[in-house]
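Q: Residue numbers (our numbering), protein chains in the order written: chain A, 1 to 326; chain B, 1001 to 1260; chain C, 2001 to 2289; chain D, 3001 to 3395.
Errors might be hidden in some of the hints.
Said to hold, decoys possible - With a straight-line Cα cutoff of 25 Å, these simulated DSS-like cross-link-like pairs (lysine-lysine) come out:
no.: 1; chain 1: D; residue 1: Lys3357; chain 2: D; residue 2: Lys3369
no.: 2; chain 1: D; residue 1: Lys3326; chain 2: D; residue 2: Lys3072
no.: 3; chain 1: B; residue 1: Lys1064; chain 2: B; residue 2: Lys1008
no.: 4; chain 1: D; residue 1: Lys3302; chain 2: D; residue 2: Lys3387
no.: 5; chain 1: D; residue 1: Lys3387; chain 2: C; residue 2: Lys2122
no.: 6; chain 1: C; residue 1: Lys2122; chain 2: D; residue 2: Lys3267
no.: 7; chain 1: B; residue 1: Lys1064; chain 2: B; residue 2: Lys1200
no.: 8; chain 1: B; residue 1: Lys1121; chain 2: B; residue 2: Lys1079
no.: 9; chain 1: C; residue 1: Lys2185; chain 2: C; residue 2: Lys2078
no.: 10; chain 1: C; residue 1: Lys2089; chain 2: C; residue 2: Lys2185
no.: 11; chain 1: A; residue 1: Lys139; chain 2: D; residue 2: Lys3191
no.: 12; chain 1: D; residue 1: Lys3272; chain 2: C; residue 2: Lys2122
no.: 13; chain 1: D; residue 1: Lys3359; chain 2: D; residue 2: Lys3326
no.: 14; chain 1: D; residue 1: Lys3194; chain 2: A; residue 2: Lys139
no.: 15; chain 1: D; residue 1: Lys3191; chain 2: D; residue 2: Lys3171
no.: 16; chain 1: B; residue 1: Lys1067; chain 2: B; residue 2: Lys1079
no.: 17; chain 1: D; residue 1: Lys3194; chain 2: D; residue 2: Lys3167
no.: 18; chain 1: D; residue 1: Lys3032; chain 2: D; residue 2: Lys3340
no.: 19; chain 1: D; residue 1: Lys3340; chain 2: A; residue 2: Lys139
no.: 20; chain 1: D; residue 1: Lys3072; chain 2: D; residue 2: Lys3340
no.: 21; chain 1: D; residue 1: Lys3302; chain 2: A; residue 2: Lys291
no.: 22; chain 1: D; residue 1: Lys3267; chain 2: D; residue 2: Lys3387
no.: 23; chain 1: D; residue 1: Lys3267; chain 2: D; residue 2: Lys3068
no.: 24; chain 1: D; residue 1: Lys3032; chain 2: A; residue 2: Lys291
No lab work stands behind these hints: they were computed from the structure.
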Amino acid sequence: MNTKKWLLTLVFLLIVLVGVPWAINASGRWDFYYTLTSVALLSIASAGVWLTFYIGRINIGQGAYTLIGGYASAILVTQLGVNFWLTLPLAGLACAIISVFIGLPILRLRGVYFAMVTLVLTEVARLTALALPITNGAKGIVSIPLPAELSLFGLTIIPDFATLENPKLAFYIAAVIMMVLCYAALYRIVNSRLGHLCRSLQQNEELSASIGVNTAYLRVIAYSISSFMGGVAGASFVSISQSIYPSTFQVVDSVNFMLNCFLGGLGYVLGPMLGTLMLYFGWDLLFTMGKYQLLIYSSLIILLIVLLPNGILSLPLFNKRGGGPK
Amino acid sequence: MSTILEVKNLTRRFGGLVAVNSVNFTVNEGEILSIIGPNGAGKSTLFKLISSFLKTSGGEVIFKGEKISNLSPHVVARKGIVRTFQETTIFRSMTTRENIIVAHHLRAKASLSGYFWGSAKARRDEALFADSADEIITFLGMEPIADELASNLPQGNLRALGIAIGLATKPEILLLDEPFAGMNHDETMHMVDLVRNVQKERGVTIMLVEHDMPAVMKISDRIVVINFGEKIAEGTPAEIRNNEKVIEAYLGSEDDAIGI
Amino acid sequence: MEQILVNGLYLGAQYALIALGLTLIFSLMNVLNFAHGQMYVFGGFVTYTVVAQLGLPFIVGLLLSAVVLGVMGALIEKFLFRPVIARSKREESTMLLAAGIAFFLDAVILLLFGEKQRGIPKIVDGVFNWDFRIVIPYDRILIFVLAISAIVAFIMYMQYSKTGRAMRALAQDRVAAELMGVDVKYYSMIGFALGAMLAGLVGGLLVSITGINLGMGGPASIKAFMMIMIGGAGVISGAIAGGFILGMMESVGLTLLAVYGDITYLVIFVMLMIFLSIRPQGLMGKPWG
Amino acid sequence: MRRRILLKSVAAGLLSLGLFSSAAMAANETLKIGFVGVTSGPAASWGISNQRSMETRAAWINETGGFKIGDKTYDIEIVAFDDQKDPKRAIAGMEKMAQEGIHYVVGPNVDDGAAAVRPVAEQNGIMYFPYAFPQSLYTAPASNAVLGMVANYQSGPAIYKYLKAEKGVKKVAFIAANESDPLSQRDGGVKAAKDLGLEVVSDSVTYQVDTTDFMPVLLPVLRTRPDLLVLSGVSPANAPQLIRSAREAGYEGIISTETAQDAQVLKEGAGKLANGFISVGGASTPEMASDMMREFVERYTKMFGEYNDESNTKVYALEYILETIKADPAGITDVEVFKKTMDTFEVANPYMNGDAKMKYVGTSSFGQKRQVAVPLVVNVYEDGEFKTLFVAEVD
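The shape of chain A in the complex, shown without the other chains:
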């Protein structure tokens, strides 16, 4: 990264970590904290979906991993008393491991076939959660405590959320930091040799294999990173709602994650983030439209895709410097 990019990143951080809280304070729109926290978390899950798009697979199964991640965190916190912040990576890891076993057979599928199997996967996850005793079946897991204090050598790194005056702000900050880390990782993947390799898979798997790329391995790696992101996002959500049910993430969510990527643009790292912001925030803002909310919302989506079939970021405005997808 060059200086200019560092600078822009810094500006972005300043805006989301200082500017937004200031604007919310000034305008008194406290409800936007939750909306923006959701956008941040959902865009992490969407980033995972985007990564599977990047290796040429349409993933409509991310909801399964957000659900698994949510349950993993909830079970660890409520039954084993593990600190929530530790359950975050553990939930991601659990999802990554499970995704390896699921991914090995199904990643051989392509195109709509892969898409359909992942769609079924979301439903399988929901039904499994309903059937298992450890997930408490239909009754879900409720009354999950707020994230506890995280300290290292007696030094408080993250305070106990239950003692905070404004946990909304704390959740927002945590979500935004996670989102930034996630997209930094994604940016790094795409702009390193890894990105080239992923794109080689997306464009031609046979050729990729013939130049010596272990395509099966790379696919599974990408898929498990994607699932890791889903798991982390799911776990974070559960800490906000302090409850999880088999229906907390469903097929609709999986479809939405995918739509976020399309809307933002499949060729752009920041596509899923922008897509999530538009789709989620859009719905929220249209809430004043009453019963016409869905009508207007869907009309806008159709309009956008007809005008910009390659995503919002394909607008010339965003590509002045040329240089294709970055």
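We have chain A; now place chains B, C and D onto it with these hints.
A: Structure of chains B, C and D alone, referenced to chain A:
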């Protein structure tokens, strides 16, 4: 000259159909060996078997004394046998240079996570690949199109790019699938020179499947002729030209667009 | 046992009819029509309005459903899918469009027809009962026969009419068809209209048995996806086979697995995933669609 | 990354738009009451009947001069948020309510949503009236949720007891959709039936909500020859199909459910086959409905074209909220006062004939008064309308 590749009793059946039937031949190090035969004779299947894109039904392929048939394609590639494709298969939404850089994969020393974190090894790799790509671009005279998206390139350049991708892997054997198809005379002659250069200057053993007889006769050290999945002849271009069986095979086939 | 088979056949016929339209659209344009279920619901509501509100005969409602949806399909193809396909870099982008249309139809259905479950009076009363070995209401037999006739008519049309042949050529190889002089744009539109029309027809048929409500659309699409995956995407015989297989699987599965209770559908779905992992192109599909 | 900056300014623009778009002009002061529930998608029917009954009642109050609390008169404004049956959206909805300065919210309609909004409601001082049954929502330390209807674990035993005594029911079978709410209700029902000494012959059969043919689902259940078939937590969309399939398959026993249904939907979906179907309803059966209830139905029908019998139970939450605030006007902004009022609150029930009372109950189920006392009216469907079978009280 020593034997680098040995094909022993290689057989492949598709259902009841025998596409390749107990074919035997050897490839010498550093030569250009062409495989010819009428349409549907089983040439491409043979290539896919050698590069392990298809599993064998019988027989084996031995590379430097080691059996390589039925391994994963990427493992075979790693051992030094690299195939370019019949269709002009390249990474369409990458530039020429990016295509070549990606193709250096076999020479990568760093691990995947090394690339992510930008380890010293990874940085060394990237620098090496960029240099090597430049060298290949110069070698093949592709400077003008180096930063052009592959999807915008004309047919002839795509073939050259296919060979460039092959070269980037530093193969010991390069399998070229119909490198001259759809080219006019001038383009073909340019391509023949190019392939010859690759063999001479880089010491790569080359196997090719091709229909264009004049080009095959001009370029090959030796030729293997396949018909109905079986080998019917093997020898130098001069020997093949006068082989009764070969003439019969070609005359008997519908496709007589051949230049014997 | 006979009862299970009869149930499976009946379910299969209605499933197959839904899957046919979806697979037709997929084979012609490589579009996975997420809005298919909503089209089916819309068709159901059209029939409901005609029969229950206006008091016209069932058959009028059925025909009107087909016509309304056919026109809707043609318009959607011409003004939405065509420009998007022409300009998008990756053809998956049509999925977002299809999903947008699904949301849109959901909204329109809610505003036009309301939130309630709707149904029309039984067309035929009475139940066929063979010694309690096979129990099937007469109206189901009627709907079954109608569904089978629609499937047969569709196959005949695709097989023997000029339009049908052109569409099959298009499905086989778009480029070749274009070179042969097939008007690709025109037949894509006809194909989409026909697919939507089939969806409307099923909606109309089923409103007399199961009724209709605005929530049935999304799940119906997903079920239809599963059917065409089982049979092989873009293959007409595959869609029919997939429909009947899923119908049988549910019928048999629900009976055999009833004792295990909550996991019935889990087992069905997991089996489906395993099947597709082993045979990615489905029963009759070409590899990689 | 420049695009982010642009994005932010767009977002800021939209934000300010949102700020100015919700100003209501009225002579009276406005009292906003919230609704967070599902008004689109498969379960839309639950939320819509809910929202519409609130809107009907609010319009009625405003038309007749407003609602008097203390010495001020208020116009009632209903602020509705569609959560699409998604718990994540439900939280957003509750945040919106807090933003609007609302302290009293009706909804959400399902278990997961009701559990998810709890933290937000408690942080923002919002009392909410969900139509969800998990006991943890209403039992201490939770204190901001008030169950807006009769729970199935309360109505179930009453119905089974009645049927056992009056109709000689011995064997019961349960069937439920494979979703959280219905499954929880099934488990509660099974327990209640067993406690009453009934034999539960089948309780494991479930179905997908999108099922279009219930024959295969029902056959294994009917083979156990139950006297009573309970459709646990059945949605109004599935009920007529289940009834019809069961009858057509030759089942002759009783069918019942503990959820509210709509007579018109049953009539269209199952016709005569639905006769004898037992469900739980509100107070609009001719025997019980007061003049006020009849007027409510009339106004609802006029406003929205068609009445929905599910609203019979849903008319109450708003009435309870307003009357309780009226009992102690300080409650208008302070939910702690409201909670205190709840313990002693009691007024006449305007929607029912006789001397029925509106008060808060739930002590025996939750250990605190966190449930509205709506009459447990058990209805039976007969040729297009509901008839009252019996009425019970919940304590």
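Q: Does each hint hold? Answer for all of them.
A: Now for the hints, and whether the structure bears them out:
| no. | hint | in the structure |
| --- | --- | --- |
| 1 | Lys3357/D <-> Lys3369/D | 15 Å, holds |
| 2 | Lys3326/D <-> Lys3072/D | 10 Å, holds |
| 3 | Lys1064/B <-> Lys1008/B | 13 Å, holds |
| 4 | Lys3302/D <-> Lys3387/D | 24 Å, holds |
| 5 | Lys3387/D <-> Lys2122/C | 24 Å, holds |
| 6 | Lys2122/C <-> Lys3267/D | 11 Å, holds |
| 7 | Lys1064/B <-> Lys1200/B | 21 Å, holds |
| 8 | Lys1121/B <-> Lys1079/B | 22 Å, holds |
| 9 | Lys2185/C <-> Lys2078/C | 9 Å, holds |
| 10 | Lys2089/C <-> Lys2185/C | 19 Å, holds |
| 11 | Lys139/A <-> Lys3191/D | 15 Å, holds |
| 12 | Lys3272/D <-> Lys2122/C | 10 Å, holds |
| 13 | Lys3359/D <-> Lys3326/D | 14 Å, holds |
| 14 | Lys3194/D <-> Lys139/A | 20 Å, holds |
| 15 | Lys3191/D <-> Lys3171/D | 14 Å, holds |
| 16 | Lys1067/B <-> Lys1079/B | 11 Å, holds |
| 17 | Lys3194/D <-> Lys3167/D | 17 Å, holds |
| 18 | Lys3032/D <-> Lys3340/D | 21 Å, holds |
| 19 | Lys3340/D <-> Lys139/A | 30 Å, violated |
| 20 | Lys3072/D <-> Lys3340/D | 22 Å, holds |
| 21 | Lys3302/D <-> Lys291/A | 18 Å, holds |
| 22 | Lys3267/D <-> Lys3387/D | 14 Å, holds |
| 23 | Lys3267/D <-> Lys3068/D | 41 Å, violated |
| 24 | Lys3032/D <-> Lys291/A | 18 Å, holds |
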